Amino acid sequence: MKDRIFRVNLTDLTTSVEDVPEAWAGHGGRGLTSTIIAAEVDPTCHPLGPNNKLVFAPGLLSGTVAANSGRMSVGGKSPLTGTIKEANAGGTSAQLLARCGCKALILEGQPKADTWYSLAVTPEGVTISEEAELIGKGNFAVLESLATRTEDKPAVICIGPAGEMKMASANISVKDPDGGIRSSGRGGLGAVMGSKRVKFITVTPGDGKVAIAEPDKFKEANRTFAKSLVDHPVSQALGQYGTNVLVNIINESGGLPTRNFTQGQFAGHEKISGETMHDTIKERGGKVKHNCHAGCVIQCSQVYNDLKGEKLTSGFEYESIWALGADCCVDNLDQIAEADNIMDDLGIDSIETSVAFGVAMEAGVLEFGDGAGVLRILKDDVASGTGLGRIIGNGAGSVGRAYGVTRVPVVKNQAIPAYDPRAIKGIGITYATSTQGADHTMGYTIATNILNVGGAVDPLSKEGQVELSRNLQIATAAIDSTGMCLFIAFAALDNEQCLPSLIDLINARFGIALTADDVTNLGKYILKTEREFNLKAGFTNLDDRLPEFFYTEAVAPHNVVFDFSGEEIDTFWNF
Amino acid sequence: MIHVKVKLFAYFRENRFREEDRDLAEHTRVMDIVDGLGIDRDEVGVLMINSRHCSFETELQTGDILAIFPVIGGG
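Residue numbers (the working numbering), protein chains in the order written: chain Y, 1 to 575; chain E, 1001 to 1075.
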């Protein structure tokens, strides 16, 4: 099936299907969303106004049988950061969009009236319908209702109440193969979807298939690629313990941000660790392994049950567990799981929201460790959009401003995730220089700073960190364009066959001849395109800095501050 | 004699322990502990003493906390 661009104008409620412009042909995933946003969106526009656009793009390999290729990118101007934004997730939408021949789905404009809409994507194009029944409903109710409304098992992309209320940390949810939820979590793109008054999108490819230019080469490359993933020990540990295996090692390193980033180790780490989670899941009859999209050979996801053996949450990730756990000092994994599920249902970023709770605890809104209080505020305030609920739903920076807190862990107003940049300096460079605000996935230096994957760079030394972050950010931008899960990077860093076989897959899919240099250049192009957008939006190099307290408050146990000068950080962009 | 705490993580705990205090001979190296536990060195991803990375050759000192992790990742 030929790839095309599907466009929906919400101002006049028209749709179109267009040929792919030459300049977009070689792009997919993040590279494509960022290219389109840079080309079509005025960087100074209001993110929630009619001039912003929301772009959905499967990766270059999505919809094929390539292992781990089921990530869909969503892009737009972020209402949280004011920068360009791309957030990707698994689920079934990337594969089914690709099978519709939809290279990108662009939502633009804004309805003038209060009506809500849903969109249905098929290989023929997009149809718009008015939606009333599911407005105000949580994500799980939306998925449940749509499962009975349609018989052809569409992919579902939706927003919860947080997105409807245009909270700056609202996410976009994607149905996974078992009816659970994966989230394009960061940066508030759910609010952009809410601003376009689109509650959900279904994707139904029918018999649509992705064309492979050279099927035999493709099959062979996929065999090598999948083997490199399966064989890597990190993949195996991810299957067994999930991403939460990191709690104990990051705690041991002294880089686990605790009590709103005042300490680097959490006394309750063992109770919230991947090891404890694994044992609890087994005891209660949950699922230790679970794939967020068909074709994933790593299976880092899981289903976590409550004491009665009923599903409490799934896709229970390290970042969310760290944030409510160590950062808010809640050492009760069941409370964290319940909060995780509520946040999934509300459609709100579990990193941003949980870090916002840490700041709220520092402000005295509730006590550190008050897991019951977190649950209460999520249900009573965030869900219904009270004043407090909106302050928290607008993120950590919003809480800091509302309550006059100065220790607010954000970069470009986006909450810093689960690694303290004072004790793990490479990740501080990533937080500072990322085109999208603080985000560990943009250049995961933890691999090399802590995990000894892809070499070893001392986490407490400044030496080599800028270069490490730069190389990883370039590689990540390229990987984010393929539709691949970022966890292929562990194998790519260590196994010499992994990356060449990935390039072979792309070449066989399209009948082209990319080289490793082309892929690196793609990563560089994406970063520069995104930065150019930010500069036009009014950002400068002075925004590439960490909050002041990281430079002045030493964190235990290493008693270190973040000590990169502005000039040193700025060398990141020397490429 | 030196006194050291040894901590194990992930599947290294299976049929072993979570943490254990040990009295050891002077000049005991990290590799001696790892080998003594029957852990294949190839499976070791990260070694830390007192929250700093170390190597198999590092000599333990009294009061040290040694943490032994298999190859793991996440994010």
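Since the hints were made in silico from the structure, they are not lab data. None of the values given here were measured: they were computed from a predicted structure. Be careful, since some hints might not be right.
Capping the alpha-carbon separation at 27 Å, the derived lysine-lysine pairs in DSSO-like fashion look like this [what the hints assert, rightly or not]: (1) Y:153 / Y:289; (2) E:1005 / Y:271; (3) E:1007 / Y:536.
Each hint, compared with the structure:
1. Y:153 / Y:289: Holds. Residue 153 of chain Y to residue 289 of chain Y sits at ~23 Å (cutoff 27 Å).
2. E:1005 / Y:271: With a Cα-Cα distance of about 20 Å, the restraint between residue 1005 of chain E and residue 271 of chain Y holds, given a limit of 27 Å.
3. E:1007 / Y:536: violated, 51 Å
In the structure shown, a violation is registered for the earlier hint numbered 3 alone.
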